[in-house]
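Chains as they are written, first to last, in full-length UniProt numbering: chain A, 1 to 268; chain B, 1 to 268; chain C, 1 to 268; chain D, 1 to 268.
Keep in mind that the hints were calculated from the coordinates and are not lab data. A couple of the hints might just be wrong.
[Stated by the list, open to error] Computed list of lysine-lysine pairs in PhoX-like fashion (alpha-carbon distance at most 25 Å, straight line):
hint, chain 1, residue 1, chain 2, residue 2
1, D, Lys-13, D, Lys-89
2, D, Lys-89, C, Lys-247
3, D, Lys-142, C, Lys-171
[Claimed, not checked] Quick list of the computed label-pair ranges, beta carbon to beta carbon:
hint, chain 1, residue 1, chain 2, residue 2, range
4, C, Asp-48, D, Gly-167, 38 to 44 Å
5, A, His-187, D, Asn-62, 39 to 45 Å
6, C, Asp-48, A, Glu-69, 36 to 42 Å
7, B, Asn-182, C, Asp-107, 54 to 60 Å
8, A, Thr-202, B, Asn-182, 21 to 27 Å
9, D, Asp-56, B, Asp-56, 46 to 52 Å
10, B, Gly-262, A, Asn-182, 46 to 52 Å
11, A, Met-118, B, Leu-162, 35 to 41 Å
[To be verified] If you want the ones that stay clear, here's a sample from chain D, every Cβ over 12 Å from chain A, calculated:
hint, residue
12, Ile-153
13, His-158
14, Lys-191
15, Ala-200
Glycine included, C-beta positions come from ideal geometry on N, C-alpha and C.
Number of protein chains: 4
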Amino acid sequence: MTKKIIIAGPRGKMGAEAVQMVDKEPSYDLIACIDRKNGGKSIKDIQDTNGLPALDVPIFENPETCFQEMDADVFVDLTVPGAGFEHTKLALLYGIRPVVGTSGFSDDQLAALQDLSMTHGTGCIIAPNFAVGAVLMMQFAKTAAKYLPDVEIIEKHHDQKLDAPSGTAVKTAAMMQENRENKQQGHPDEKETLDGARGAETDGIHIHSVRLPGLVAHQEVLFGSPGQGLTIKHDSYNRASFMEGVKLCIRKVEDLDRLVYGLENILD
Amino acid sequence: MTKKIIIAGPRGKMGAEAVQMVDKEPSYDLIACIDRKNGGKSIKDIQDTNGLPALDVPIFENPETCFQEMDADVFVDLTVPGAGFEHTKLALLYGIRPVVGTSGFSDDQLAALQDLSMTHGTGCIIAPNFAVGAVLMMQFAKTAAKYLPDVEIIEKHHDQKLDAPSGTAVKTAAMMQENRENKQQGHPDEKETLDGARGAETDGIHIHSVRLPGLVAHQEVLFGSPGQGLTIKHDSYNRASFMEGVKLCIRKVEDLDRLVYGLENILD
Amino acid sequence: MTKKIIIAGPRGKMGAEAVQMVDKEPSYDLIACIDRKNGGKSIKDIQDTNGLPALDVPIFENPETCFQEMDADVFVDLTVPGAGFEHTKLALLYGIRPVVGTSGFSDDQLAALQDLSMTHGTGCIIAPNFAVGAVLMMQFAKTAAKYLPDVEIIEKHHDQKLDAPSGTAVKTAAMMQENRENKQQGHPDEKETLDGARGAETDGIHIHSVRLPGLVAHQEVLFGSPGQGLTIKHDSYNRASFMEGVKLCIRKVEDLDRLVYGLENILD
Amino acid sequence: MTKKIIIAGPRGKMGAEAVQMVDKEPSYDLIACIDRKNGGKSIKDIQDTNGLPALDVPIFENPETCFQEMDADVFVDLTVPGAGFEHTKLALLYGIRPVVGTSGFSDDQLAALQDLSMTHGTGCIIAPNFAVGAVLMMQFAKTAAKYLPDVEIIEKHHDQKLDAPSGTAVKTAAMMQENRENKQQGHPDEKETLDGARGAETDGIHIHSVRLPGLVAHQEVLFGSPGQGLTIKHDSYNRASFMEGVKLCIRKVEDLDRLVYGLENILD
Chain A
1 MTKKIIIAGP
11 RGKMGAEAVQ
21 MVDKEPSYDL
31 IACIDRKNGG
41 KSIKDIQDTN
51 GLPALDVPIF
61 ENPETCFQEM
71 DADVFVDLTV
81 PGAGFEHTKL
91 ALLYGIRPVV
101 GTSGFSDDQL
111 AALQDLSMTH
121 GTGCIIAPNF
131 AVGAVLMMQF
141 AKTAAKYLPD
151 VEIIEKHHDQ
161 KLDAPSGTAV
171 KTAAMMQENR
181 ENKQQGHPDE
191 KETLDGARGA
201 ETDGIHIHSV
211 RLPGLVAHQE
221 VLFGSPGQGL
231 TIKHDSYNRA
241 SFMEGVKLCI
251 RKVEDLDRLV
261 YGLENILD
Chain B
1 MTKKIIIAGP
11 RGKMGAEAVQ
21 MVDKEPSYDL
31 IACIDRKNGG
41 KSIKDIQDTN
51 GLPALDVPIF
61 ENPETCFQEM
71 DADVFVDLTV
81 PGAGFEHTKL
91 ALLYGIRPVV
101 GTSGFSDDQL
111 AALQDLSMTH
121 GTGCIIAPNF
131 AVGAVLMMQF
141 AKTAAKYLPD
151 VEIIEKHHDQ
161 KLDAPSGTAV
171 KTAAMMQENR
181 ENKQQGHPDE
191 KETLDGARGA
201 ETDGIHIHSV
211 RLPGLVAHQE
221 VLFGSPGQGL
231 TIKHDSYNRA
241 SFMEGVKLCI
251 RKVEDLDRLV
261 YGLENILD
Chain C
1 MTKKIIIAGP
11 RGKMGAEAVQ
21 MVDKEPSYDL
31 IACIDRKNGG
41 KSIKDIQDTN
51 GLPALDVPIF
61 ENPETCFQEM
71 DADVFVDLTV
81 PGAGFEHTKL
91 ALLYGIRPVV
101 GTSGFSDDQL
111 AALQDLSMTH
121 GTGCIIAPNF
131 AVGAVLMMQF
141 AKTAAKYLPD
151 VEIIEKHHDQ
161 KLDAPSGTAV
171 KTAAMMQENR
181 ENKQQGHPDE
191 KETLDGARGA
201 ETDGIHIHSV
211 RLPGLVAHQE
221 VLFGSPGQGL
231 TIKHDSYNRA
241 SFMEGVKLCI
251 RKVEDLDRLV
261 YGLENILD
Chain D
1 MTKKIIIAGP
11 RGKMGAEAVQ
21 MVDKEPSYDL
31 IACIDRKNGG
41 KSIKDIQDTN
51 GLPALDVPIF
61 ENPETCFQEM
71 DADVFVDLTV
81 PGAGFEHTKL
91 ALLYGIRPVV
101 GTSGFSDDQL
111 AALQDLSMTH
121 GTGCIIAPNF
131 AVGAVLMMQF
141 AKTAAKYLPD
151 VEIIEKHHDQ
161 KLDAPSGTAV
171 KTAAMMQENR
181 ENKQQGHPDE
191 KETLDGARGA
201 ETDGIHIHSV
211 RLPGLVAHQE
221 VLFGSPGQGL
231 TIKHDSYNRA
241 SFMEGVKLCI
251 RKVEDLDRLV
261 YGLENILD
């Protein structure tokens, strides 16, 4: 059966990508968009300047009117925390299951949405990272760290990235640390003859950041143990990677009767 | 507390490696070996020809006498299916927890050992593959195949290997297939201008076998999805890799009150 | 000193990329384009529909008029063999050094251009592949094959590619074969338990073709020898990679007094 | 035609490996060894304690006597600088071509050997590193650095290695720097939020050192450029890797009439 979908934020990068994805997927039906500009227009009216397809899909400026008038199965929010919170609350009130890519909600906001979701028995997924491959990499790394405590991370990005190490690398190390016995990686007497050779260190795990033109976003988690090595690698090339995660959430949110935070908690 | 351990098969490659490992581990105490030759001798009497350390550890020819006389916590069997079955049965009867690396038991033998283990409430682990990294690779591949159905396998071995693809590659494909939607990998109209370019195929999953001198045993499982890739790689360099698995089993078997088959089922 | 450049084929994918590259490079000056449509217009007149920058650069329909009127240092041709041959001949006659990305010239055409280049002492580069990294990979593979005759190729492309193996893989194998002792790779008695596992074979070199969504164009050449391995890998992400080669040719063509075919022959 | 070979240093790790290699190679004939202990014995007399094969090959304590009495084609020296220098000088005087794996000769010693080699027209190779793959990696990296100046090095070793970065990594960086335009790798405003994330730096080239159990000795040189990447990787598993280099030198030294220093100078 076709799923009727509403998207908020169609002019943003992620939102525009989602409009295209929903349009292409035969089992999805895009029935409306929410956009604080362009109310009363249709997607085809604003497609010129935003890389959107020429779809005859109505745009609502007022989310409540949208949820009232349009009978949707799933609501996909790709806006910003302020608007995203209001949209999600309303969708839950109207019994439309939200899939929310906005990150940066406060703890209070999350608690409020959790209550609302539970009370109405309406499933809801909030996912700060929709890249299924990246989330799997982190989950696998966390599991492997239980059995193979010797581990280092190499992350590689384009040379326009300013910060090193990447947020994903630091988060991966933190997740592994939850599962890993305390261990200082490398020989206790090792010595850097050039400063920084052994990389950054957090909880005894070393992180190495490579920056080169041509690269996009890549990470390898390398485990070593006598006689063997295990490597988990993720390569991210473009935003298309997030759409698989959005689709997964649209599929999974239907079976939920409460709010789930983080893609990792729907990957079983 | 020190764990008292008996090893069967000390002259085999795996067995000799296990004797060395147990000898080095401070919390383990090797109290006896079982060997159908050399009964009445000590490990130090046979160390010359087998790369064994010079340990004053008694060797028993009769397993029952061994289990009667020596008060052990764990029994490690690294022999062959026939002897392995008899040893494991006896160990269970004497309440000594078996860790068995022998593969090739029949279904009847496994069922008998399962019954015995359950009846006595004595934990037992039978593991055809002790390489923790390889088992994790297969588990992760199986999980990832649920979310990323486009996948190919590259396995690389030394050029003295006769069969292609490797047993591990075929097993990995089968495990992924349990979780994966049916999908023919590659373009439906793809064409080999040189036969075999797209590799072997099983259930729509392609497997590529590289054979080169210098290599040992390596496998990569490559998942692709629009805009991203996820790779899980295992490198096996030597038999030392199996000893981490043996240690893990020795640790885990104590908390079990039944038989577990396969390392994957004690990795949680 | 600024180099004055003419580009033919500004509406093609490579041509449009070249227009942008020349526009951004401070030491280059784009003085004209040749386009069989749009004569008399300016690049800014056609930029809307072709992703071209809004440059006030004249477009000529007639190449001879262009070469006569515009005093250029280098002529970059990114058209098709028919037009490309005529353009290059004319540029040589007018003493403007051609850098030609068109492939598919006949032997007669190449011979004619070689004569013309030599007679006029005007340098000319014809490069079927402008990707410096790919050309270096092939050159290095050719050299390594002299010393390490055991070699296999893995090439990986997106799953919309129809042919396997890739042209680059076949060419790399042929180049290695020039330098390599005759050798059948793998064990003489090896056996495929699944057809195609050992890949395609040409001159005893095995080629494996992986096809996955998310990939672009990647190739690894793997050499093995007792106790060691050498791998040469090229990753191609987008057409930007060709522009480094175009720039290299623009720089090198000035020092030439004859025609050079293939980027590999200006990499020393 | 069979080559008659003398080896000095048969009890050392490299020497013992060379004795085995020469013994196995059908076109080589090991006719004598030089060893400051064990003069007058045969290799089979000392094989027990040194992993040597049981060969009836005479051992000389005095190198001059050896070169006088034995009519050899090639002399392979795998000893230490002091003895190595004396041996090589004598071999050149007796017209036997030396292949010397000893490193650490002084400039004066090298000059003296160069003179002697030239005067007698007797070829001689001195190679501090016999690993053909590693030498090719460094040569290729040096060439690529001319065209792709953005480069970083990742070297990976077992966790018993004390120094970071490895000597090979530092040497590779220095070789690339000879060919590379001056360039600070990475964004000018990049910032380490954890110290050392961007690795060590020499001449603007970043080097990252990974240390994990299970690893042996591995290095990757990664070049990046808009839209593409080129990677050159060497994996070293054991000393067998050096024997290919020794064989190459034995073959090449015959065509030389002077001294060549470094394997890279006989790889053309």
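Unmet hints by their number, sorted upward, for this structure: Numbers 2, 4, 7, 8, 9, 10, 11, 12, 13, 14, 15 - these are the hints that the structure violates, sorted from lowest upward.
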